[in-house]
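S.K.: The primary structure of each chain is shown beneath.
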Amino acid sequence: MANPKRYAMVLDSRKCIDCKACVVACKAENDVPPGVFRNRINAEHGGAFPRLRASFDPEQCHHCDNPSCVRVCPTGASFQREDGIVQVREADCIGCKYCMIACPYDARFFNEETRVVDKCTFCAHRVDRGELPACVETCPSKVRTFGDLTDPRSALHALLESRRYRVLKPQTGNGPQLYYLL
Amino acid sequence: MDRRLFLQLVGAGGFAATSIGCPKFFARAKRVPEPPVGPGVPTTCELCPNKCSVLATVRRGRIHKLNPNPENPKSRNMLCARGNAAIQQVYDPDRLKQPMIRVGARGEGKWKAATWDEAFDFAAKKLAETKAKHGPEGTLWSSTEGFQEVFFKNLGLAFGSPNILRHPSLCLASVNLAYSMTFGTVPSFDLQNAKYVIMAGANRFESIITPDTMDLIGGVMERKAKFVYLDPRFTVTASKADEWYPIKPGTDMAFILAMIHVIIREDRCDKAFLDQWTLGFDQLVEHVKPYTPEFAEAETGIPAREITRIAREFADAGHRAVFYAGRRSSWYQNDFQMRRAQAILNTIVGNWDREGGMVPNRKVAKGEFMFLPWDDPKAPRVDEVEKNFPLTSAKDGVYLQTRENVLKGAPYPVKAWMIYKQDPLNAVPDQGKTLRMMEAMDFIGVVDIAMSDTAWYADVVFPESHYLERTDPIEVMPGIWPAAVLRQQVIKPIHDTLPMLEIAQGLARRLGLSEYFDYTIDQWIEAEAKELPVENGLEYMKKHGVVAFSEPKYGTTRNAAYRFVTKSGKIEIFSERLAEAGHDPLPVYAPPAQPPAGRFRMILGRKATITHAALAGLPWLHEQIPENDLWINQDQASRMGIRTGDLVEVTSTAGTVRIKARATEEIRPDCVFMLHGFGKKSPWLKRVYNVGAADAVLLETAWDKVSGNAAMHETFVNVVKV
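Protein sequences appear in the order of chains A and F. Going left to right, the first sequence walks through residues 1 to 182 as our numbering numbers them. Going left to right, the second sequence walks through residues 1 to 722 as our numbering numbers them.
Be careful, since some hints might not be right.
[As the list claims (entries may be wrong)] Computed cross-link-like contacts, BS3-like style, restricted to lysine-lysine with a CA-CA straight-line distance of at most 25 Å:
no., chain 1, residue 1, chain 2, residue 2
1, F, Lys-721, F, Lys-681
2, F, Lys-705, F, Lys-433
3, A, Lys-142, F, Lys-226
4, F, Lys-553, F, Lys-153
5, A, Lys-142, F, Lys-224
6, F, Lys-195, A, Lys-142
7, F, Lys-433, F, Lys-387
8, A, Lys-5, A, Lys-97
9, F, Lys-408, F, Lys-433
[What the hints assert, rightly or not] A short, non-exhaustive set of chain A residues, derived as facing chain F with CB atoms under 8 Å:
no., residue
10, Ser-13
11, Lys-15
12, Cys-19
13, Val-23
14, Ala-28
15, Pro-33
16, Pro-34
17, Arg-53
18, Ala-54
Please keep in mind that the hints were generated in silico from the structure rather than gathered at the bench. Where is the CB? At the ideal position from N, CA and C, for every residue including glycine.
Model the full structure from these sequences, guided by the hints.
M.R.: As structure tokens, then:
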């Protein structure tokens, strides 16, 4: 049998123009209710006129290798697929929100409409059809590259081979799989 | 127990206990399994002028998702936030669902739902009455850009009115005219291959234009093209630029002329190009002598040594250097001349029709549906374009001059106003004046998908079907990557709405003009598709949504036989036509008026989630920016005792608004800024009704002298804490 896939995302934040296309595409794709978000853009502004700076970092569930949300979930509703995608099995979620606290990235929220914990799924339903996550596909400046880490021919692999990158909060030991190019 | 089964067992009576117990058992029934979706119906977005290609997926008869269609090289396989949010326009509960006829006073908000027959009869009667009393020129037909605009315009023309008023004089008339006067055409900018880009005010990362925005990202981030940006505000674009200069507003032309001065003084021009293709370079050499970098430093606030360096770098990049035109509306009363200066700067480095430079647009061939022609109108236009703005496009007209003349009743009375897909109360400066113009009308009819502010003050409102509910004419999109696109119906209209063509036909029938509209949309697009450069054009378009050329062609106009569409057949640096029309043949700089002490210049701009006034209320966009605020420089604000969140009163000679302040470092101390699309007067636009403030209330009436384009940065305001 072939090795399992390992899905991950590389983000070139310098290209992010904070246009919110990813945020809105995600809401449309996944029927995310108003007021809550599966993905977001962290904006940082600094400096004093006229020496100013601003940066934009898109963020969502990091689909960690060793996800603390999965470890703390009392019912097994939070689980990791073989291909690395972390999901919430809605039928098993009791809405205890323990995972929301355990997530170091504030990537989870309670969905008042479905009454379960909700978060980015890497659009697993699209990925399983051979499509890209909605945020990746729609992005005007192509900040995002999605793919299989174990596939040496993937664009994502090439980027991580040739560019320097960082992950957020590596010290948590979660093994986050959103790679930010430097 | 399986949760779904449990819910079924609990059934309808089981929910009395929802407030107690384990949340799991009382959770709402989960999403039922999703039926598979295909790749989607190819269509074309309508939320801004970009016309991006879209694949619309439908699930159980409902549009589920709009995805980018990768086949259109111009939209570069993307769909922005606005495009994604279009679904919410379709399913907006506040949408116009059937024709409405006003029963109370104008603006009072008393409406009665009408049938289409009633609405058509009512409007046709009013239009006929106006015609009988004032002639067909007593009617005004105004619209904004859209694929079905042609049917609206044709109805006005067939009716016999000379007053067909289109949007360019609120948009890019000054740019188009300046580049046309110079090159005989309006080129595109090859940002994908440029090495040096200067943008002044064109906030391309927040006002997304395809493919320029994406190409600029690619250029700056991936090829390391150099990017210099001038703007009184620190925008997202500024944050990505290699160099940002908070230029003093209205002085861009001084900066450009000084660049030309340096490039000529230091002999950095493309002389071979200038000799062969241009007219008037010698006059330019003399003309720019006084415009030294030191002069420009005093005007712009940008150090002379930086201007000199930028000019040198620009010239060194040669034909891969572009001073980007920008668009939106004009800013100052000399906007045309500022754009001319840009065009001339581009010319002297020889970037015309070169890879990475300015490229004349190519087009995809398309057929045309032949309809019965009508007689030309007998009366002159009410805006007297030929007299006031002889160089500008008479067929588009000049908005502000039209309003002035209608209010004066000169040269003749205009008493009926038909409006398509436009919200003049928010799109045109000086809302109070536009309201007075509306009050002066005997009849106003509006075609829109929602109850816009303008619709709210109309007499009859015709609800148009949403773009996802109709098929539109095939549209050719000229460019470096030219395309032709089809907007194809995705779902049947969910309310009692009609496309513009059928609205035009309904009115035409009652006005005795049926013979001019004797066709269907299918016949129309069939005729257009016949000459597309693909086999089985119509089938191809229905399947792909777009036909495009993905390889740019450079240098087609750089052959000895080519004559530019100008008087001399050359690129006109010096323009005799301008001189003959009484304007400066070379751009002459005049410093803009400065705000008196204690007042601020109001500047406008966009955000990527909101461009037009109609978009601020769409829930997914609205939750990003729920209210607009007034940007005011932090130092100024603290001096005035204003903190972020404080309510301030902003006053100009045109009007007064109240709005929350945002004390920020990201704007010059002499300006204030607010976003467009808020402070609506129509209660049917729930989320933005009376929320924040409308810029149109404050903006004063001012226009560019040559093109007549509304000048949006000529307003000074007073700001006081409430």
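S.K.: Of the hints stated earlier, which fail here?
M.R.: Structure breaks hints 4, 8, 10 and 15.
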